[in-house]
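Undergrad: Based on the provided sequences and hints, a complete structural model is requested.
If you read the sequences in order, they're chains U and G. The opening position of the first sequence corresponds to residue 1 in our numbering, with each subsequent residue numbered one higher. The opening position of the second sequence corresponds to residue 1 in our numbering, with each subsequent residue numbered one higher.
Treat the hints with care, since some could be wrong.
To be verified - Calculated pairs, DSBU-like style, for lysine-lysine (alpha carbon to alpha carbon, straight line, at most 30 Å): (1) U:K24 with G:K39; (2) G:K52 with U:K39; (3) U:K39 with G:K17; (4) U:K97 with G:K24; (5) G:K6 with U:K52; (6) G:K182 with U:K24; (7) G:K52 with G:K24; (8) U:K24 with G:K52; (9) U:K54 with G:K39; (10) G:K54 with U:K17; (11) U:K6 with G:K97; (12) G:K17 with U:K17; (13) G:K97 with G:K6; (14) G:K54 with U:K52; (15) G:K24 with U:K17; (16) G:K54 with U:K39; (17) U:K24 with U:K39; (18) U:K54 with G:K17; (19) U:K6 with G:K17; (20) G:K97 with U:K54; (21) G:K97 with U:K17; (22) U:K17 with G:K6; (23) G:K39 with U:K17; (24) G:K39 with U:K6; (25) G:K52 with U:K52; (26) G:K24 with U:K182; (27) U:K24 with G:K97.
By construction, these hints were calculated from the structure, which means they are not laboratory data.
2 protein chains.
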Amino acid sequence: MEHYPKSIQELIRNLAKLPGVGEKTAERLAMHILRRPVKEAEMLADSIRMVKQKVQLCQQCFGLSDGPQCHVCMNSGRDSSVVCVVEQPADMIAIEKSGAFSGLYHILGGTLAPMEGVGPEDLRIRELFERIERDGVQELILATGTSVEGESTAAYLVRELSARPVRLTRIASGVPVGGDLKYVDKMTLKCALDGRHAL
Amino acid sequence: MEHYPKSIQELIRNLAKLPGVGEKTAERLAMHILRRPVKEAEMLADSIRMVKQKVQLCQQCFGLSDGPQCHVCMNSGRDSSVVCVVEQPADMIAIEKSGAFSGLYHILGGTLAPMEGVGPEDLRIRELFERIERDGVQELILATGTSVEGESTAAYLVRELSARPVRLTRIASGVPVGGDLKYVDKMTLKCALDGRHAL
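TA: Okay, structure coming up:
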């Protein structure tokens with residue numbers, strides 16, 4: 001890398017911090033940026049700065065947003081009586097992409113992990129409880145992951161919320177659609193069998 | 001992508017213009033940038049801007065440089081009587097990385113391609129001729145690629161320079177070191193046989 005001018009070395013070093021980008025790829029990206037018009041490079045640089053300046057968490061659901069409220073919370077066409085609880089903003093986006101949900105979201109910001117010192121007060125659980133009360137939420141879909149941490153976080157919420165007049169549901173676990181049974185792990189197959197339904 | 005806030009969409013669009021980066025990868029990179037400290041994102045944005053502001057072509061060899069002359073041309077320890085002629089700045093860097101050359105370079109900026117309207121006046125051939133005259137170059141190593149265009153550009157230079165008192169050489173073609181003969185193409189094998197040397 002020392003064969004490049006200093007400014008290119010600097011760019012390669014910064015690009016190589018991106019996930020999945022090694023030094024070779026960073027070199028290739030840097031050479032591409034050098035070849036392209038100044039305009040295009042400036043658009044890229046500006047959009048990196050902008051995203052850090054503009055993106056904040058929605059005050060209601062804690063999803064990614066350009067303003068105080070995200071476009072899902074601001075959409076009056078969404079069913080505000082159903083709230084889907086997820087771990088991270090990326091989970092909300094995955095569900096939005098599916099187009100299968102028309103309610104609102106609540107992003108916890110992680111999962112309970114006592115071994116790593118993450119307790120209920122580190123997640124947005126207090127805000128969730130307040131929201132259920134304030135907005136008259138009728139159903140809470142627990143869509144945390146199916147990892148041990150995701151399951152135990154869901155179990156914690158069930159325990160804490162069982163006394164409240166809100167319906168609690170959990171997303172189904174089972175064989176992925178289009179999935180081949182022989183490639184599905186044992187736990188998933190067990191879930192798929194336990195969760196079987198009549199035809 | 002429309003599920004992201006506008007500023008993230010903009011970043012994803014700009015990242016997806018990079019070579020080998022599709023929309024999925026661009027999403028992943030954007031989410032990484034969002035998660036990292038502002039400082040790190042700004043360093044990346046700044047280095048993109050800087051590279052476009054600072055990098056210029058060396059006035060002597062037309063290699064990449066942060067100033068009017070590149071660090072190879074400015075290095076008085078290099079042998080200025082031997083000049084290696086390459087197509088692009090990246091070729092110069094590849095040879096520098098090998099550590100096998102201690103002379104200077106001349107970057108043509110491409111190859112002759114009459115079908116695409118690239119003639120001698122579009123490359124830095126006039127500058128090369130002037131340089132040979134001015135700097136008393138004794139050997140010119142023609143290291144253009146071994147593609148049809150690279151070969152014909154080398155042949156053109158040989159024709160034009162044959163009357164001048166400069167030694168012309170061409171880099172050797174043959175089997176790559178560590179290469180398995182059965183994976184080497186026919187033309188390369190022919191070159192390796194034609195270029196055989198006594199032991």
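Undergrad: Now tell me, hint by hint, if it's right for this structure.
TA: Verification of the hints:
1. A C-alpha spacing of about 24 Å is found between K24 (chain U) and K39 (chain G), which places the hinted pair at or below 30 Å, so the restraint holds.
2. In summary, the hint linking K52 (chain G) to K39 (chain U) is supported, as the alpha carbons are separated by about 10 Å, within the 30 Å threshold.
3. Taking the CA atoms of K39 (chain U) and K17 (chain G), the gap is near 13 Å; set against the 30 Å cutoff, the hint holds.
4. Between K97 (chain U) and K24 (chain G) the CA atoms are separated by roughly 13 Å; this keeps the pair inside 30 Å, and the hint holds.
5. Of the pairs offered as hints, the one joining K6 (chain G) and K52 (chain U) holds, with about 12 Å between alpha carbons and a cut-off of 30 Å not exceeded.
6. Restraint check for K182 (chain G) and K24 (chain U): the C-alpha separation of about 27 Å stays at or below 30 Å, so the hint holds.
7. The hinted pair formed by K52 (chain G) and K24 (chain G) meets the criterion: a straight-line CA distance of about 27 Å does not exceed 30 Å.
8. Among the hinted pairs, K24 (chain U) with K52 (chain G) is consistent with the structure: their alpha-carbon atoms are about 20 Å apart, no more than 30 Å.
9. The hinted pair formed by K54 (chain U) and K39 (chain G) meets the criterion: a straight-line CA distance of about 15 Å does not exceed 30 Å.
10. In summary, the hint linking K54 (chain G) to K17 (chain U) is supported, as the alpha carbons are separated by about 22 Å, within the 30 Å threshold.
11. Taken as a hint, the K6 (chain U) and K97 (chain G) pair is honoured in the structure, with Cα atoms around 16 Å apart against an allowance of 30 Å.
12. Between the alpha carbons of K17 (chain G) and K17 (chain U) the distance comes to roughly 18 Å, so the proposed pair stays at or under 30 Å and holds.
13. Simply put, K97 (chain G) and K6 (chain G) have alpha-carbon atoms about 42 Å apart, too far for the 30 Å limit, and the pair is violated.
14. At most 30 Å may separate the alpha-carbon atoms for a hinted pair to count; K54 (chain G) and K52 (chain U) meet this at roughly 25 Å.
15. In summary, the hint linking K24 (chain G) to K17 (chain U) is supported, as the alpha carbons are separated by about 18 Å, within the 30 Å threshold.
16. The suggested pairing of K54 (chain G) with K39 (chain U) holds, with an alpha-carbon distance near 15 Å, which does not exceed 30 Å.
17. For the suggested pair K24 (chain U) and K39 (chain U), the alpha carbons sit about 25 Å apart, so the restraint of at most 30 Å is met.
18. Taking the CA atoms of K54 (chain U) and K17 (chain G), the gap is near 22 Å; set against the 30 Å cutoff, the hint holds.
19. For the hint linking K6 (chain U) to K17 (chain G), the alpha-carbon distance of about 24 Å falls within 30 Å, and the restraint holds.
20. About 42 Å separates the Cα atoms of K97 (chain G) and K54 (chain U), which puts this hinted pair outside 30 Å; it is violated.
21. Between the alpha carbons of K97 (chain G) and K17 (chain U) the distance comes to roughly 22 Å, so the proposed pair stays at or under 30 Å and holds.
22. Between K17 (chain U) and K6 (chain G) the alpha-carbon distance is near 24 Å, which keeps this suggested pair within the 30 Å criterion.
23. A distance of roughly 13 Å separates the Cα atoms of K39 (chain G) and K17 (chain U); the hinted pair therefore holds under the 30 Å criterion.
24. With a C-alpha separation of about 20 Å, the suggested pairing of K39 (chain G) with K6 (chain U) holds against the 30 Å cut-off.
25. Between K52 (chain G) and K52 (chain U) the alpha-carbon distance is near 22 Å, which keeps this suggested pair within the 30 Å criterion.
26. Our distance criterion of 30 Å between C-alpha atoms is met by K24 (chain G) and K182 (chain U), whose separation comes to about 27 Å.
27. A C-alpha spacing of about 13 Å is found between K24 (chain U) and K97 (chain G), which places the hinted pair at or below 30 Å, so the restraint holds.
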